[in-house]
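Following the hints, complete the assembly by docking chains B, C, D, E and F onto the known chain A.
As a plain string of letters, each chain reads:
Number of protein chains: 6
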Amino acid sequence: MSQEMFEKGLEIRREVVGAEYVDRSLAQADDFSRDFQHLVTEYCWGAAWGRDALTRRDRSLLNLVMLGALNRSHEFKLHLRGALRNGCTKDEIQDTLIQLAIYAGIPAGVEAFRLAREVFDAVEAEEGGAA
Amino acid sequence: MSQEMFEKGLEIRREVVGAEYVDRSLAQADDFSRDFQHLVTEYCWGAAWGRDALTRRDRSLLNLVMLGALNRSHEFKLHLRGALRNGCTKDEIQDTLIQLAIYAGIPAGVEAFRLAREVFDAVEAEEGGAA
Amino acid sequence: MSQEMFEKGLEIRREVVGAEYVDRSLAQADDFSRDFQHLVTEYCWGAAWGRDALTRRDRSLLNLVMLGALNRSHEFKLHLRGALRNGCTKDEIQDTLIQLAIYAGIPAGVEAFRLAREVFDAVEAEEGGAA
Amino acid sequence: MSQEMFEKGLEIRREVVGAEYVDRSLAQADDFSRDFQHLVTEYCWGAAWGRDALTRRDRSLLNLVMLGALNRSHEFKLHLRGALRNGCTKDEIQDTLIQLAIYAGIPAGVEAFRLAREVFDAVEAEEGGAA
Amino acid sequence: MSQEMFEKGLEIRREVVGAEYVDRSLAQADDFSRDFQHLVTEYCWGAAWGRDALTRRDRSLLNLVMLGALNRSHEFKLHLRGALRNGCTKDEIQDTLIQLAIYAGIPAGVEAFRLAREVFDAVEAEEGGAA
Amino acid sequence: MSQEMFEKGLEIRREVVGAEYVDRSLAQADDFSRDFQHLVTEYCWGAAWGRDALTRRDRSLLNLVMLGALNRSHEFKLHLRGALRNGCTKDEIQDTLIQLAIYAGIPAGVEAFRLAREVFDAVEAEEGGAA
Numbered sequence: 018m019s020q021e022m023f024e025k026g027l028e029i030r031r032e033v034v035g036a037e038y039v040d041r042s043l044a045q046a047d048d049f050s051r052d053f054q055h056l057v058t059e060y061c062w063g064a065a066w067g068r069d070a071l072t073r074r075d076r077s078l079l080n081l082v083m084l085g086a087l088n089r090s091h092e093f094k095l096h097l098r099g100a101l102r103n104g105c106t107k108d109e110i111q112d113t114l115i116q117l118a119i120y121a122g123i124p125a126g127v128e129a130f131r132l133a134r135e136v137f138d139a140v141e142a143e144e145g146g147a148a
Numbered sequence: 018m019s020q021e022m023f024e025k026g027l028e029i030r031r032e033v034v035g036a037e038y039v040d041r042s043l044a045q046a047d048d049f050s051r052d053f054q055h056l057v058t059e060y061c062w063g064a065a066w067g068r069d070a071l072t073r074r075d076r077s078l079l080n081l082v083m084l085g086a087l088n089r090s091h092e093f094k095l096h097l098r099g100a101l102r103n104g105c106t107k108d109e110i111q112d113t114l115i116q117l118a119i120y121a122g123i124p125a126g127v128e129a130f131r132l133a134r135e136v137f138d139a140v141e142a143e144e145g146g147a148a
Numbered sequence: 018m019s020q021e022m023f024e025k026g027l028e029i030r031r032e033v034v035g036a037e038y039v040d041r042s043l044a045q046a047d048d049f050s051r052d053f054q055h056l057v058t059e060y061c062w063g064a065a066w067g068r069d070a071l072t073r074r075d076r077s078l079l080n081l082v083m084l085g086a087l088n089r090s091h092e093f094k095l096h097l098r099g100a101l102r103n104g105c106t107k108d109e110i111q112d113t114l115i116q117l118a119i120y121a122g123i124p125a126g127v128e129a130f131r132l133a134r135e136v137f138d139a140v141e142a143e144e145g146g147a148a
Numbered sequence: 018m019s020q021e022m023f024e025k026g027l028e029i030r031r032e033v034v035g036a037e038y039v040d041r042s043l044a045q046a047d048d049f050s051r052d053f054q055h056l057v058t059e060y061c062w063g064a065a066w067g068r069d070a071l072t073r074r075d076r077s078l079l080n081l082v083m084l085g086a087l088n089r090s091h092e093f094k095l096h097l098r099g100a101l102r103n104g105c106t107k108d109e110i111q112d113t114l115i116q117l118a119i120y121a122g123i124p125a126g127v128e129a130f131r132l133a134r135e136v137f138d139a140v141e142a143e144e145g146g147a148a
Numbered sequence: 018m019s020q021e022m023f024e025k026g027l028e029i030r031r032e033v034v035g036a037e038y039v040d041r042s043l044a045q046a047d048d049f050s051r052d053f054q055h056l057v058t059e060y061c062w063g064a065a066w067g068r069d070a071l072t073r074r075d076r077s078l079l080n081l082v083m084l085g086a087l088n089r090s091h092e093f094k095l096h097l098r099g100a101l102r103n104g105c106t107k108d109e110i111q112d113t114l115i116q117l118a119i120y121a122g123i124p125a126g127v128e129a130f131r132l133a134r135e136v137f138d139a140v141e142a143e144e145g146g147a148a
Numbered sequence: 018m019s020q021e022m023f024e025k026g027l028e029i030r031r032e033v034v035g036a037e038y039v040d041r042s043l044a045q046a047d048d049f050s051r052d053f054q055h056l057v058t059e060y061c062w063g064a065a066w067g068r069d070a071l072t073r074r075d076r077s078l079l080n081l082v083m084l085g086a087l088n089r090s091h092e093f094k095l096h097l098r099g100a101l102r103n104g105c106t107k108d109e110i111q112d113t114l115i116q117l118a119i120y121a122g123i124p125a126g127v128e129a130f131r132l133a134r135e136v137f138d139a140v141e142a143e144e145g146g147a148a
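Protein chains in written order, with the working numbering: chain A, 18 to 148; chain B, 18 to 148; chain C, 18 to 148; chain D, 18 to 148; chain E, 18 to 148; chain F, 18 to 148.
Just chain A, same shape as in the assembly (with noise of 0.2 angstroms):
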C-alpha cells in the first residue's frame, strides 16, 4: 500500500462523503472488511478522485449517472449528498438525472428522480432541524 496515497484518498473521501461516514466505516472495519476499506480509500478515492483533471462538481455528476445506469441506489444516495457538498446545483443535477433516463432508459430516470427526493427530503429535515 502507499501511505501517501490513501492519506490523499482518506482527505478527499472525508471532504466528499462526510467525515463522520467514513470515520465510522473505518472504525468499524474488521478482520473481513479492513484491507476493502483501505482498497477502496486508497485506489477509489486516493487514484480516481484524487486526479487533476476534472472538479469533484464533474465527478459527482459522473457518478450520478454512472451509479444510476449501474443500479447501485444505496451508494447513488450517498454520492448525492456528495453531489450538493462538492457545490452541485439542483438544476444541474436534474439536468444530469434527465440525461440518464434517456441513456440508460425511463425506469433508471424514474428511480434516480424518486431516490433524490429522497435525499432532499432528509437534507432538509436535517438542516431543519439543526436550526
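Each hint should be verified, as a subset may be incorrect.
Chain copies aren't distinguished; within one or between two, either way the pair holds.
[To be verified] In silico EDC-like links for lysine to aspartate or glutamate, alpha-carbon gap of 20 angstroms or less: (1) K94 <-> E21; (2) K25 <-> E143; (3) K94 <-> D69; (4) K25 <-> E135; (5) K107 <-> D75; (6) K107 <-> E24; (7) K94 <-> E143; (8) K107 <-> D69; (9) K25 <-> D52; (10) K107 <-> D47; (11) K107 <-> D48; (12) K94 <-> E37; (13) K107 <-> D40; (14) K94 <-> E24; (15) K25 <-> E144; (16) K94 <-> E109; (17) K25 <-> E141; (18) K107 <-> E37; (19) K25 <-> D48; (20) K25 <-> D47; (21) K107 <-> E21.
None of these hints come from the bench; they were simulated from the model. Bear in mind that the values here come from a model prediction, so they are computed numbers and not experimental data.
Okay, now just chains B, C, D, E and F, sitting in the frame of chain A:
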C-alpha cells in the same frame, strides 16, 4: 411531434455528432426506422441535450461513462468524437475513463481505453489526410 | 413540448398505471421533477405506448421482461398491476416470467416470481377489502 | 435428461431458428459443448418455448427486447430472423424496438435498429438470390 | 420433466440452501409458481450444480461474484449462507468479494461487503441463540 | 503509487496473461493511457490477484463468469487463455460456463461457448504451428 423541439434537437445533434453523419442517418431512414430517427432527434437531442443547466462538454463526459458502463461500443466511439468537438481535452477524457474503470470495473476501463485509442488514431489520420 | 402528444400519453398512462397514482405523481411534482414527469408522459406514454402496431397487452408483457432483466423492482411491480389492468392472464404472466428466467438468468426469475406474489397478494387483499 | 422434453425442444428450435443452423450446431458439438447444446435445446426450447400460454410470435417479441436490453447482438440477430419466421410483421418489430429504446435507453435502441437493418438487408438479398 | 434430475437437484438444493427454506418454497408453490420451482430444482440444481468437474465450494464462489455483478441482493445473501455451508472460509469469501469489486466496480464491492456483514451478523445471532 | 505493489502485480500479470502481451501493453502506453496501465497492474493484479486466500485457478474461474455476465468479450478471451495457463482443465471450464448460462442467462452461455471455441481453436493452431 413537436416541430420546434425537433428543429432544436437536429441543430444540436448535427453540431455534436457531425452534420454529415446525422444528415446521412436521416436521409437513409426508411419506413422502418424513420419514426425512431425522429424520436432520437426530438427527445434525446432536443429534450435532453437542449436543456440549459449543463454545458455540452459536461454532457459529453456524462455520456462517455454511461456508454462505457452500458457497454455500447459503437455509440461510445461516436460520442468520443463528439466530446472532442465539444472541447473536452484529452486530459479530461483520461480522468473520465479512469473514473469509469473504478466505478464500473476494470474491464469497462480496458475497453474504453482501447476504443479511445482507435478514435484518436482515426481522427489523427483524418486530420493528417486533410492537411 | 407537443401538447397533443402529452394529452395522449396522459390518457394512456392513467388507464394503465391507474389514474390515482398518475395524478398524484403529477400533482406532487415540484420544480425539480416537473419536467421529467412531463417527459415521461409525453415520450414514454405518448410516443411509445401510443403507437398502433402492438396492443397494450403486448406492451405490458414486453415491459415485464425488460424491467425484470434491468432489475427495476419498483417499476416491475407497477407494471405487473398494469398488466392485469391490460387484461393479461396469470397464465400469460407465468409463461412470460419463465421466458425471462431462461434468458436473463435464474436469479432474475426468482426475483420476478417473488415480486409477482407480492402484487397478487396485495391486489387480492384490496379486492377483498373492497367487497 | 428428459428425452421427451429434448425432442419437443428440438422441434421448436428447428422451426424458429432454422433447421440448418440447429442441425449444424448440434452436429459440430464436441465433448466441450455437447452438454450445453443439449441443455439449451431441452431447457430453453422445450421447457420455456414449449409452454402453451404464449404464442411463438409473443415469445419472439419478448426475446427481442430482452436480447436488446442484455446487449447480446449475435443472439439478437438470430432471434430477429426467428421473429420473421414466427410471423411478426415489420410494424410490430418497429414498435417493439421503440419500446426497447424508451425503457432500456436510446443506445440500446440505436443498436437494435442498426442490427435490424443488417438482418432485413441480408434476408432480402437471400430471397433475391433464391428467386 | 426428468424425475431423476429433479430428485438429484432437490437433494443438492436442500443441502446448499437449507432444507427448511427449500421445503417451504416448494410447499408454498401454487399454480402460478409451481412449474418455476420445479424448473429451478431440475435445471439449476440438478443439471448445473449436479455436474462433477467443480466442487460445491467452487460453485458457491462463482455464484457470489455473479450475483454481485448482476446486483441480485436477495439471492446473494442466500448464497452467502450456502457458501458457509459448503465450507468456504471467511478469508476465501473476502478475496472473492475483492475480486468482484475490481472487476465489477467499487459499488458492487461496497454492496457485497455490506450484505456479507448482515449475513455474518445474522448467522452469529442464530448460533448464539441456539447455544 | 506503491512501487512494491506494482512490481508484484506486474509479475503476476505477465504470468497469467502472457509476458509478451503485457510488455507490449506497457511499452505502447502513451501519455493518455500510461496511468491507467499502471493502475491496472498495481490495483487489479497486485492488490487483488496478489492476495493469498484464493489460488490463481480459482480467480481464473471467477473472472470467466464475471466477464461473461458483464458481456466483455475481448477480456473474456484473454482470461480464458489465462485460465488454461493457470491449469484449469477443459472440464472445469465447461462446468463454469454452464453455471454462467444458468445464472446469467442462456445468451450469456451461448456467447461464452462460442468465444471458448475460438480460443481453443486458436491455441491448438498455435501449438500445431509451434510443433
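Outcome of the hint check:
Within a single copy, K94 and E21 get their C-alpha atoms no closer than 29 angstroms, and across copies no closer than 36 angstroms, so neither meets the 20 angstroms cut-off. Neither within a single protomer nor between protomers do K25 and E143 lie at most 20 angstroms apart by alpha-carbon distance, with minima of 29 angstroms and 41 angstroms respectively. In this assembly of identical chains, the alpha carbons of K94 and D69 never lie at most 20 angstroms apart, being 25 angstroms within a copy and 24 angstroms across copies at closest. For the identical chains of this complex, K25 and E135 are neighbours neither inside a copy (31 angstroms) nor across copies (30 angstroms), given an alpha-carbon limit of 20 angstroms.
In the homo-oligomer, the alpha carbons of K107 and D75 lie at most 20 angstroms apart both inside one protomer (14 angstroms) and across protomers (15 angstroms), since each shortest distance falls under that limit. For a Cα distance limit of 20 angstroms, the shortest separation of K107 from E24 qualifies neither inside one copy, at 31 angstroms, nor across copies, at 27 angstroms. In the homo-oligomer, the alpha carbons of K94 and E143 lie at most 20 angstroms apart inside one protomer (15 angstroms), although the nearest pairing across protomers, at 31 angstroms, exceeds that limit. For the identical chains of this complex, K107 and D69 are inter-copy neighbours only, at 13 angstroms across copies versus 25 angstroms inside a copy, given an alpha-carbon limit of 20 angstroms.
Taking the shortest Cα distances, K25 and D52 sit within 20 angstroms of each other both inside one copy (17 angstroms) and across copies (17 angstroms). Taking the shortest Cα distances, K107 and D47 sit within 20 angstroms of each other only across copies (12 angstroms), while inside one copy they are farther apart (37 angstroms). Taking the closest pair of Cα atoms, K107 and D48 come within 20 angstroms of each other only across two copies (9 angstroms); inside a single copy the shortest separation is 40 angstroms, beyond that limit. In this assembly of identical chains, K94 and E37 lie within 20 angstroms of each other by CA distance solely inside one copy; the values are 16 angstroms within and 28 angstroms between copies.
Proximity of K107 and D40 under a CA criterion of 20 angstroms is satisfied in neither setting, with 28 angstroms inside one chain copy and 24 angstroms between copies. Proximity of K94 to E24 under the C-alpha cut-off of 20 angstroms is found in neither arrangement, the shortest distances being 25 angstroms within a copy and 33 angstroms between copies. For the identical chains of this complex, K25 and E144 are neighbours neither inside a copy (29 angstroms) nor across copies (40 angstroms), given an alpha-carbon limit of 20 angstroms. With identical chains, the CA atoms of K94 and E109 are at most 20 angstroms apart within one copy only, with a shortest distance of 16 angstroms there and 25 angstroms across copies.
In the homo-oligomer, the alpha carbons of K25 and E141 never lie at most 20 angstroms apart, since the shortest distance is 31 angstroms inside one protomer and 36 angstroms across protomers. With identical chains, the CA atoms of K107 and E37 are never at most 20 angstroms apart, being 24 angstroms at best within one copy and 28 angstroms at best between copies. With identical chains, the CA atoms of K25 and D48 are never at most 20 angstroms apart, being 23 angstroms at best within one copy and 23 angstroms at best between copies. Proximity of K25 and D47 under a CA criterion of 20 angstroms is satisfied in neither setting, with 22 angstroms inside one chain copy and 25 angstroms between copies.
In the homo-oligomer, the alpha carbons of K107 and E21 never lie at most 20 angstroms apart, since the shortest distance is 35 angstroms inside one protomer and 26 angstroms across protomers.
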